[in-house]
Amino acid sequence: MWTPRFVLAGLLPSVFVPASTALAEENVELVQTSNEISEASLLDVDVLAFDPGLSDEKTLRELRKAGIFPEVREAEALYIPVHLARTLQKTGFWGAVRVGPAASIDDLTISGAISSSTGAELQVDVRVIDSRGMVWLDKRYKSKADASVYNVRHLANDPFQELYNRIANDLLARRRKVDQKHVTRIREITLLRFASDLAPTPFSNYLVSAKDRYSVAGLPAQGDPMMARIERLRLRDRMLIDTLDSYYANFYAQMQEAYGS
-5 MWTPRFVLAG
5 LLPSVFVPAS
15 TALAEENVEL
25 VQTSNEISEA
35 SLLDVDVLAF
45 DPGLSDEKTL
55 RELRKAGIFP
65 EVREAEALYI
75 PVHLARTLQK
85 TGFWGAVRVG
95 PAASIDDLTI
105 SGAISSSTGA
115 ELQVDVRVID
125 SRGMVWLDKR
135 YKSKADASVY
145 NVRHLANDPF
155 QELYNRIAND
165 LLARRRKVDQ
175 KHVTRIREIT
185 LLRFASDLAP
195 TPFSNYLVSA
205 KDRYSVAGLP
215 AQGDPMMARI
225 ERLRLRDRML
235 IDTLDSYYAN
245 FYAQMQEAYG
255 S
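If you're matching positions, the sequence shown starts at -5 in the working numbering and goes up one per residue.
Hints are computed from structural coordinates only; laboratory data are not their basis.
Hints are not guaranteed to be accurate.
What the hints assert, rightly or not - Distance condition first, Cα-Cα at most 27 Å in a straight line; then the derived DSSO-like pairs of lysine-lysine:
1. 138 / 59
2. 175 / 205
3. 136 / 52
4. 84 / 171
5. 136 / 171
Said to hold, decoys possible - Pair by pair, the computed Cβ-Cβ distance ranges are:
6. 26 / 210: 48 to 54 Å
7. 196 / 31: 20 to 26 Å
8. 58 / 240: 31 to 37 Å
9. 60 / 194: 46 to 52 Å
10. 59 / 27: 30 to 36 Å
11. 119 / 26: 32 to 38 Å
12. 131 / 80: 17 to 23 Å
13. 60 / 119: 26 to 32 Å
14. 216 / 64: 26 to 32 Å
Every value quoted in this text rests on a predicted model; they were computed, and no experiment measured them.
Ideal Cβ placement from N, Cα and C applies to all residues, glycine included.
Required output: the full structure, derived from the provided sequences and hints.
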């Protein structure tokens, strides 16, 4: 029996995988919260579209030789971040988790690159930094597919779910090492970086930056009218990203239907 990784509209599957050999490496359960977490303790997360790994002609030739279509790899570079974002949302440990095409300023930013994707195996490089510029994760994740998920009866799952669970669990383990004082500081720096980008003259003095690291030099006064205006603009910016996120979600839903085809 041969099972395709993806079948997209107008595209052939990138590779056909013997179902008997496409077994998951391990069963990694997703850690989820059983308690409500206060708003002040939640960090928002931006997940960027992944690098599909099609940067040079040599790579493209190797992919074609292996029967992997570049168009499918590009589609996966959008699918993977959305599924990772949904996995993070399920945990209940994070604030808003959004997917976007380019870096924006948020509490945490997740970027990634597809190193290998054959249908039998997925390998991705994942990097997570906070708004201070501190690296939370910089790691390569690798997993074999759970072939049973390709069955049409299990379309709610992903054949590489354990990989996403490991990323989410590792990120949670790192979060648990950050106390509330530093969570508050991350949130402050997120807003101050957004403010200084929009209005450098009044707000840049509140931040100290060196070698892509940011720290707080001071905070605006309570009730500062300019900061209130900045917060309203940031809300609009988040609404725009929510709109983009919904487009990715629609694309994700179309791709998800292809599993098990």
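Taking the hints in turn, this is what the structure says about them:
1. Pair hint residue 138 plus residue 59 holds up; C-alpha atoms about 21 Å apart against a cutoff of 27 Å.
2. Distance hint between residue 175 and residue 205 is fulfilled; the C-alpha atoms sit about 23 Å from each other, no more than 27 Å.
3. With a CA separation close to 23 Å, the supplied pair residue 136 and residue 52 stays within the 27 Å bound.
4. For the hint pairing residue 84 with residue 171, the CA-to-CA distance comes to about 21 Å; that is within 27 Å, so the pair holds.
5. A hinted pair counts as satisfied when its Cα atoms are at most 27 Å apart, and residue 136 with residue 171 qualifies at roughly 25 Å.
6. Between residue 26 and residue 210 the beta carbon distance is about 32 Å. The supplied range of 48 to 54 Å is therefore violated.
7. A beta carbon spacing of about 33 Å between residue 196 and residue 31 contradicts the range 20 to 26 Å that was offered as a hint.
8. The hinted range of 31 to 37 Å is satisfied by residue 58 and residue 240, whose Cβ atoms lie roughly 33 Å apart.
9. Hint check: residue 60 to residue 194, Cβ distance near 48 Å, so the stated range 46 to 52 Å holds.
10. Under the hint 30 to 36 Å, the C-beta atoms of residue 59 and residue 27, about 46 Å apart, miss the expected range.
11. For residue 119 paired with residue 26, a C-beta distance near 25 Å fails the hint of 32 to 38 Å.
12. Under the hint 17 to 23 Å, the C-beta atoms of residue 131 and residue 80, about 18 Å apart, fit the expected range.
13. A hinted range of 26 to 32 Å for the beta carbons of residue 60 and residue 119 is inconsistent with their spacing of about 19 Å.
14. Roughly 53 Å separates the CB atoms of residue 216 and residue 64, a value that falls outside the hinted 26 to 32 Å.
In terms of the numbered hints stated before, the structure departs from hints 6, 7, 10, 11, 13, 14, listed from lowest to highest.
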